[in-house]
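Required output: the full structure, derived from the provided sequences and hints.
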Amino acid sequence: MTAAVSRKPAPAAPAGEALVQVRGISKVYAGAVEALRDVTLDFEEGRLTSLLGPSGCGKTTLLKIIAGLIPATAGECLIAGRRVTGPGPERAFVFQDFALLPWATVLRNVGFGLELRGVPKAEREERAKHYVDMVGLAGFERKYPHELSGGMRQRVGLARALAVDAAVLLMDEPFSAVDEQTRRKFQEDLIRLRAVASKTFIFVTHSIEEAVYVSDRVVLLSPRPGRVADIIDLDLARDRDPDEIRRMPEYLDTVEAIWQGLRRYV
Amino acid sequence: MAFTGTRQGAEQAVAGRREAGFAAGLARSPAFWRLLSVALVLGLWEIAGQIPVNWAFPPFSRVFLAFLRMIADGSLPLAYLDTLQPLAIGIVISGVVGVGLGVAMGLRADVAWVATPLFVVMQAAPMAALIPMITFIYGIGLTSKVLAVCVLALPVIVLNAYKAVRNVNPSLIAMSRSFLGSRWQEITRIVLPDASPMIFAGLRLGIAAGFIGIVLAELLITPTGIGDLITYNRSVAKYPEMYATIASIIVFAAVVVGLLLRLETALFRPERRGQAS
Numbered sequence: 001m002t003a004a005v006s007r008k009p010a011p012a013a014p015a016g017e018a019l020v021q022v023r024g025i026s027k028v029y030a031g032a033v034e035a036l037r038d039v040t041l042d043f044e045e046g047r048l049t050s051l052l053g054p055s056g057c058g059k060t061t062l063l064k065i066i067a068g069l070i071p072a073t074a075g076e077c078l079i080a081g082r083r084v085t086g087p088g089p090e091r092a093f094v095f096q097d098f099a100l101l102p103w104a105t106v107l108r109n110v111g112f113g114l115e116l117r118g119v120p121k122a123e124r125e126e127r128a129k130h131y132v133d134m135v136g137l138a139g140f141e142r143k144y145p146h147e148l149s150g151g152m153r154q155r156v157g158l159a160r161a162l163a164v165d166a167a168v169l170l171m172d173e174p175f176s177a178v179d180e181q182t183r184r185k186f187q188e189d190l191i192r193l194r195a196v197a198s199k200t201f202i203f204v205t206h207s208i209e210e211a212v213y214v215s216d217r218v219v220l221l222s223p224r225p226g227r228v229a230d231i232i233d234l235d236l237a238r239d240r241d242p243d244e245i246r247r248m249p250e251y252l253d254t255v256e257a258i259w260q261g262l263r264r265y266v
Numbered sequence: 267m268a269f270t271g272t273r274q275g276a277e278q279a280v281a282g283r284r285e286a287g288f289a290a291g292l293a294r295s296p297a298f299w300r301l302l303s304v305a306l307v308l309g310l311w312e313i314a315g316q317i318p319v320n321w322a323f324p325p326f327s328r329v330f331l332a333f334l335r336m337i338a339d340g341s342l343p344l345a346y347l348d349t350l351q352p353l354a355i356g357i358v359i360s361g362v363v364g365v366g367l368g369v370a371m372g373l374r375a376d377v378a379w380v381a382t383p384l385f386v387v388m389q390a391a392p393m394a395a396l397i398p399m400i401t402f403i404y405g406i407g408l409t410s411k412v413l414a415v416c417v418l419a420l421p422v423i424v425l426n427a428y429k430a431v432r433n434v435n436p437s438l439i440a441m442s443r444s445f446l447g448s449r450w451q452e453i454t455r456i457v458l459p460d461a462s463p464m465i466f467a468g469l470r471l472g473i474a475a476g477f478i479g480i481v482l483a484e485l486l487i488t489p490t491g492i493g494d495l496i497t498y499n500r501s502v503a504k505y506p507e508m509y510a511t512i513a514s515i516i517v518f519a520a521v522v523v524g525l526l527l528r529l530e531t532a533l534f535r536p537e538r539r540g541q542a543s
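Top to bottom, those sequences are chains C and F. First residue of the first sequence: 1, per this note's numbering; consecutive thereafter. First residue of the second sequence: 267, per this note's numbering; consecutive thereafter.
To be clear, the hints were calculated from the coordinates, so they are not data collected in a lab. One or more hints might be untrue.
[What the hints assert, rightly or not] Simulated restraints, written as ranges between beta carbons of each label pair:
| hint | chain 1 | residue 1 | chain 2 | residue 2 | range |
| --- | --- | --- | --- | --- | --- |
| 1 | F | ARG449 | C | GLY56 | 45 to 53 angstroms |
| 2 | F | TRP450 | C | LEU252 | 48 to 56 angstroms |
| 3 | F | GLY524 | C | PRO223 | 25 to 33 angstroms |
| 4 | C | ALA122 | F | TYR404 | 39 to 47 angstroms |
| 5 | F | GLY291 | C | GLY56 | 26 to 34 angstroms |
| 6 | F | LEU331 | C | GLU141 | 30 to 38 angstroms |
| 7 | C | PRO223 | F | ARG449 | 31 to 39 angstroms |
| 8 | F | SER448 | C | ARG82 | 49 to 57 angstroms |
| 9 | C | ARG246 | F | LEU533 | 47 to 55 angstroms |
In this text, all values refer to a predicted model and were calculated from it rather than measured experimentally. Don't be surprised by glycine CBs; every beta carbon is placed ideally from N, CA and C.
Here is the structure:
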C-alpha cells in the first residue's frame, strides 16, 4: 500500500506491552445470560489474531467490547495503555452484515468514516477513491450497494475501515455472508493486505480453516460462558502460492488439532 | 406446390408469432393492466347506471359530462379552493407536529411513554365522533375544519414516524458510533434517512385521513366547498353533479398521494429511482 495521505503515528504501546490488552473481561447480558467470563488476552502490534469458537461463545461480544460498542460487566480493555470507554479513532470495525448506507454511493460509503470526522468533501473523496481502488472496486464509485454482489459490498465495508487509517482493524466474521469462492479470494487478499499494511488485526470467525489460513495466532473460546480455551501460535510461510499453503502439512495438522480440541464442545 | 405451401405456412407462423409478441409485450406492461383496471370499473359503472340499478345512480358518461359542465361554469374549481385551504393548513400542521413528535418518541423512551397511549387510543377511536364537540368549542369557522383534519391525520403520522425511528437498522447505528459519529450526526445521517420511507408512508396515510376529515367537516359543520356541492346537488336531485364532485375528490386524493410517493423516491431513496411505481 502506498499511503497517499499523511499518516498519523501509530499509537505506541508502552514498551514491552501489547497494543491491545484485555484484562479480566466478563459480560452478563440483561436476563442473566453470561456471555464471557474472565477473559484475559494480549493482542500484539502488527499481528493478526483470530477469535475462534462455536456459535454463542461470545467472540463477537468480545470484539464489540474492544470496539467500545458495548460495555463490559467487569474487567477492562486497554489500547496502547489507555482504557477503552467507547469507540476511538485508533480502531475501525468491519461488520458481518456490511452495514452500508443503502442510500449512498460506494464512494460516499467508503468516505463515511471521514465524513463523520468532518474531513472536507474533496479530500475525503480523494482518500475514499484511493481505498476503493485498493480493494479492487475501481469503476464502481457511483454505484449503490444494492447494485453490488455480497462480496463487493464487503469490499466497500473493508475500504471504509481502511480509509480512516486506524491502527487496529476489528473484523466481525467479515466473510461469513459471502459465497465460498469469494471467501477464498478475500482470505488471500487479506494476507496480501497484511503484507503491505502495518495494522493489528482482530478477526472473529467460526471457520477453523479460515482462522488457520489467515492468522498469526488463533484464540479458541469455549462455549457460553466464553473463556479462553487455548491459544495456538502459527508460523506458516505465507509468501507461497495460496493453494500450496492450503496443502501444507503444517496447515492441515493445525486445522486437525484445533478440530480435535473443539470437538468436545459439539 | 408443396414447397410454396410450406413457405406460406412459415409466413403465417411468423406473423402469428409477431402478433403473439405484441400481445405478450402488452401483457408485460404494467400501464396496460392499470388502464384495464380503470376501464373495467368505469365500464361496470356505465352498465349499472344504464340499467339503472337505482334512479339516483347515473351512468359514468352523464357524470363525466356533469364534471365538464361544473369545470366550465367554475363551480368545481371554486369549491376546491374553499376545501383546500383548511385541508392544506391541517396537513401542514399535522405533518410538522406529527413527524416531529413521532421522531422525538422514537429517539427518547420517556417521550414515547407519555405520548404513545394517547395516539394509540386516537388511532383506534372513531375520531369523527369528536367533530360535533369541536364545533361546540371552536364554532363553525376555519379553526374547526383545520382541527377536524388534524384529529384524523395526526395519529397515523405520529405512530408511523415513531415506528420508523424504532425500526432503524441497529447495525447502521453501531457503524455510525464505531466511526465516531456524534448523536446529532447519527440522527441526521442515519436515523432520518433510514426512517424516511416509513415516515412518508405515514404522511401519505395521514393525508388520506385528512381528506376524510375535511369532507366530514364540510358535511357536518358548515357546508362549504366540496361538502357544499355534494349536499346542495343531493338536495336538488342533481345526481350526476353530486357524483362528479364525489369522484373528483377521490381522484384528487389518489393523485396527491401518488405524487407524494414520487417525491419520496426523488428526495430520499436514489437507489430506488426507476423501480418505484
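Taking the hints in turn, this is what the structure says about them:
1. F:ARG449 x C:GLY56: 45 to 53 angstroms: violated (31 angstroms)
2. F:TRP450 x C:LEU252: 48 to 56 angstroms: Holds - the Cβ-Cβ distance for TRP450 (chain F) and LEU252 (chain C), about 53 angstroms, lies within 48 to 56 angstroms.
3. F:GLY524 x C:PRO223: 25 to 33 angstroms: Because 54 angstroms falls outside the window, the suggested range is violated.
4. C:ALA122 x F:TYR404: 39 to 47 angstroms: violated (55 angstroms)
5. F:GLY291 x C:GLY56: 26 to 34 angstroms: violated (53 angstroms)
6. F:LEU331 x C:GLU141: 30 to 38 angstroms: Between LEU331 (chain F) and GLU141 (chain C), where Cβ atoms are some 57 angstroms apart, the hint is violated.
7. C:PRO223 x F:ARG449: 31 to 39 angstroms: Holds, at about 36 angstroms.
8. F:SER448 x C:ARG82: 49 to 57 angstroms: violated (21 angstroms)
9. C:ARG246 x F:LEU533: 47 to 55 angstroms: This hint holds: roughly 50 angstroms between Cβ atoms.
Violated hints, listed in ascending order, are 1, 3, 4, 5, 6, 8; each of the other numbered hints is respected by the structure.
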